[in-house]
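Please arrange chain B on chain A, whose structure you already have, making use of the hints.
Keeping their order, the protein sequence lines are chains A and B. So the first sequence is numbered by this note's numbering: it starts at 554 and just counts up by one. So the second sequence is numbered by this note's numbering: it starts at 563 and just counts up by one.
No lab work stands behind these hints, which were simulated from the structure alone. Please note: incorrect hints may appear among the correct ones.
Calculated cross-link-like contacts (lysine-lysine; reagent style DSSO-like; alpha-carbon spacing at most 30 Å) [unchecked claim]:
| id | chain 1 | residue 1 | chain 2 | residue 2 |
| --- | --- | --- | --- | --- |
| 1 | B | K747 | A | K588 |
| 2 | A | K680 | B | K854 |
| 3 | B | K747 | A | K684 |
| 4 | A | K582 | B | K854 |
| 5 | A | K634 | A | K650 |
| 6 | B | K854 | A | K588 |
| 7 | A | K792 | A | K683 |
| 8 | B | K675 | A | K582 |
Covered stretches of chain B, as calculated for chain A (at least 3 residues, CB under 8 Å) [said to hold, decoys possible]:
| id | segment |
| --- | --- |
| 9 | 668-681 |
| 10 | 700-709 |
| 11 | 740-751 |
Where a beta carbon is used, it is the ideal one built from N, C-alpha and C, also for glycine.
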Amino acid sequence: MGMQSTERAVEAPAVTRPSRAKGYASFWKGVSHSKMLLLMCLPAIVFFLVFAYGPMPGAYIAFTNFNYRDGIFGSPFVGMKNFEFLIKSGQLWLLTKNTVLYNLAFIVIGNVLQIGLAIMLNEIRSKYFKKVSQALMFLPYFVSVVLIGVIAFNLLNYDTGAVNALILETGGNPLKIYSMAGLWPFIIIIAHLWQSTGYGSIVYFAAIMGLDDSMFEAAAIDGASAWQRIRYIILPSLKPTFIILLLFALGGIMRGNFGLFWNLVGNNAQLYQTTDIIETSVYRMLVSQNNFTTSTAVGLYQSLFGFVLVMTVNWIVRRINPDYALF
Amino acid sequence: MTTATLDKPRKLKLDSSEVVLRSVSYVTVTLFALFCALPFVLIVSASFSEESQIMEHGFSLLPRGFSTAAYELIFRSPRQIIGSYAVTITMTVLGVAVGLAITAMTGFALQRKDFPLRNQISFFIYFTTLFSAGLAPTYLWVARTLGLRGSYLAVFLQLLLSPWLIILMKNFCRSVPYEVVESGKIDGAGDFRIFAQLVLPMLKPALATIGLFLALGYWNEWYLSSLYLGSTVEFKPLQYYLYNIINTANALRNSVAGDNVTITNLPSNTLKMASAVVATGPIVLVYPFVQKYFVSGITVGAVKG
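The shape of chain B in the complex, shown without the other chains:
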């Protein structure tokens, strides 16, 4: 047996099965990546198409004709879209700053082995993922008892913390050696100073990852807005604004028509697609720069809770 294997030298690397597997892999991965990307192409193409051609022939992968009319219409009276951008950006920036600070503090404290209440508090937080009051009681509580119906706070506050991100933070904090805490203690630093001055700088990748997930939560938010804001606010968060344009016939007219456009046959098909591009564009543009933090969050937080 041994001689047999020794007789066969390294040409095994070019074994036919390897060639087949590699070719199949390249082809399949390419096809799957295209499958993921094509819907985006579809939307962008449609947004630059001519409405009359869409009405006649329907949407297609390549633009039918070429027109920027839909974008011009959106930016002719940009009040709504700018307002929505302002609301979403404000919420995202504040939400990431506050949410990250609280998540980091909590994760750090709950990971400290010399903190006697860590298990009790961890369970108190974790239990909320196991059992929840349900949608209707939560709605009544937040909208009625807390009086937050029609307030951006209802959206902002409920997205601020998530048990999963606190658990993820705890996992990240495990990588900080306990000697760091000890050395701080020896130097007479308090727990908060140890956290802020010694541990926090070591947690930069963790902060980037968790900040990204918080930012995604705020940027992509439409659900809480649909429950608590509805049409009570003038400027809807961006994705909820898009949701309305797609799902309600009048939203489109209200959002672009304003005073100077009185159109009975609005280019509604291309306008919907252009709105989607405008609402999604920025996140796709920053995506390549933050992708690695996205991946690290999944691998660190995936299996172990």
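Just chain A, with the same shape it has in the complex:
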């Protein structure tokens, strides 16, 4: 046994080495033949090197007690202290919980509405009606998220908000919406759906449009009702798209819709309990509190956790259908 394995070990490189060397040689020959292609990629390579990889060593701040004077690598090393603090204070748990729960709500409600909307759009026969309604539905995704803050101010502010104006006209008492934390999950979910449902339905609508007409004709001949057509043809055919989108959405469950949350809530501390997500907290710690260490620690936690999630999801997708895997 021992003899055999040593034999094989000695033998193996003898066989592979020349071919591998040849492989390298032809590889580099190929590279030198495609110098121009490499050159065409160079601006992008430099860009990502500078703006994406350049800051990465700086994540070390998460393990230091950073101060401006000593810089990133001169500041005192404190090990896992920053993370311990975040865990003990309960802050990391609150941020994770809010981020994940909001995303789950967005994913579940969002997908149901997007699929429903796509099916209904497919029933619309008037071309003009379809065009106009689609245009209106994509518009919220097209405009700047700052506008969402303007709309929220218009609707919700205490003194002149449209909602309070309506309440007053019907004889009620105006609400201090900007200090009612319990209301905000609903407001944020509605705002998110306003912003992204029309846009998100495009993918499902395209999938329905791509279906073979003969299936529908056959169903009509067999006397299928509209509900049966949806239940047995359309929904099953959307399943692969749905599963892939769902998996990737789950992979990104640690990432939040920063622009939306920040423009709705911003620095309103009364609402943090129910509205603070990882991104808003990381931004606030940096911009409003100048707290580099905690901001970096939370950011690194998110990045690492998110990385593991995406890799897991990609591994699962690869097993279901390698065509859809990201890499």
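Frame of chain A; chain B shown alone:
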């Protein structure tokens, strides 16, 4: 069974369930489209309302009174708004031109099957979507190490390329048959000439789509400006200018008051809404003409990375 189905002729098209579904669809789609559009109506109405009426009764869907005072105030000393427009338009035009050129070259090269380094470079770019340094280290790096705090370059450069748009470009390039590249090679053209003269003209829809996404990124930018520009520049990019008007009490006064208006009770409610209209207007006006590229970008780039 077969006879049964054959006995039932085509009247199935008018099946009651079809009628119900179609009616429900028209009603729901209409309601949802209105839900999407109403906030815009709300803002425009408010911008044309009379401030005193808003103060008394609050905002509503239809204008309260009619007044163009807010717009007159904005355009009486238009320095700020014109400056912001100039900054945003310049950045958008340059950003689209440069960003599109680099994205197209990179996407083309990375899609070439005879380019040995394509997988390594693709991964090098793609990895940045999986793991990032985070906000604070990036801020320190860009603002301090690269010294770009207070420079428009900090905003301009960071929006120039996106891994997603490069991947989208790669997907678009797949539709160009490899024979095109081969024929160019046979004619003795170099890789760059093949790209610029043979492939690029075939990629017009792709360029329109990716150009649109780049343009949207620049036009709607407020986030990087809030980090790197703050109040260090005289003219803020348009959306950041709007962001300040909505979120800081003094920004409104500074931006319109100038020297010739000394008002203690500025028509701040209607002015905020008019500023939003002025900052958002152009993009809504071009929207109908570019919508189809928006849609193609989503369907081409949606699922497959």
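Verification of the supplied hints:
1. With a C-alpha separation of about 15 Å, the suggested pairing of K747 (chain B) with K588 (chain A) holds against the 30 Å cut-off.
2. Taking the CA atoms of K680 (chain A) and K854 (chain B), the gap is near 15 Å; set against the 30 Å cutoff, the hint holds.
3. This hinted pair does not check out: K747 (chain B) and K684 (chain A) have alpha carbons roughly 44 Å apart, beyond 30 Å.
4. Between K582 (chain A) and K854 (chain B) the alpha-carbon distance is near 43 Å, which puts this suggested pair outside the 30 Å criterion.
5. Only pairs whose Cα atoms come within 30 Å are accepted, and K634 (chain A) paired with K650 (chain A) is accepted, the gap being roughly 22 Å.
6. Between K854 (chain B) and K588 (chain A) the alpha-carbon distance is near 37 Å, which puts this suggested pair outside the 30 Å criterion.
7. A hinted pair counts as satisfied when its Cα atoms are at most 30 Å apart, and K792 (chain A) with K683 (chain A) qualifies at roughly 24 Å.
8. Restraint check for K675 (chain B) and K582 (chain A): the C-alpha separation of about 15 Å stays at or below 30 Å, so the hint holds.
9. Only when three residues or more bring their CB closer than 8 Å to a CB of chain A does the claim for the segment 668-681 of chain B stand; here the count is 9, and the claim holds.
10. Counting residues of the segment 700-709 of chain B whose beta carbon lies closer than 8 Å to any beta carbon of chain A gives 7, which meets the minimum of three for the stated coverage.
11. Figure legend: the segment 740-751 of chain B, annotated as covered by chain A; annotation inconsistent (0 residues with Cβ-Cβ distances under 8 Å, at least 3 required).
When the structure is compared with the earlier hints, violations turn up for hints 3, 4, 6 and 11 and for no others.
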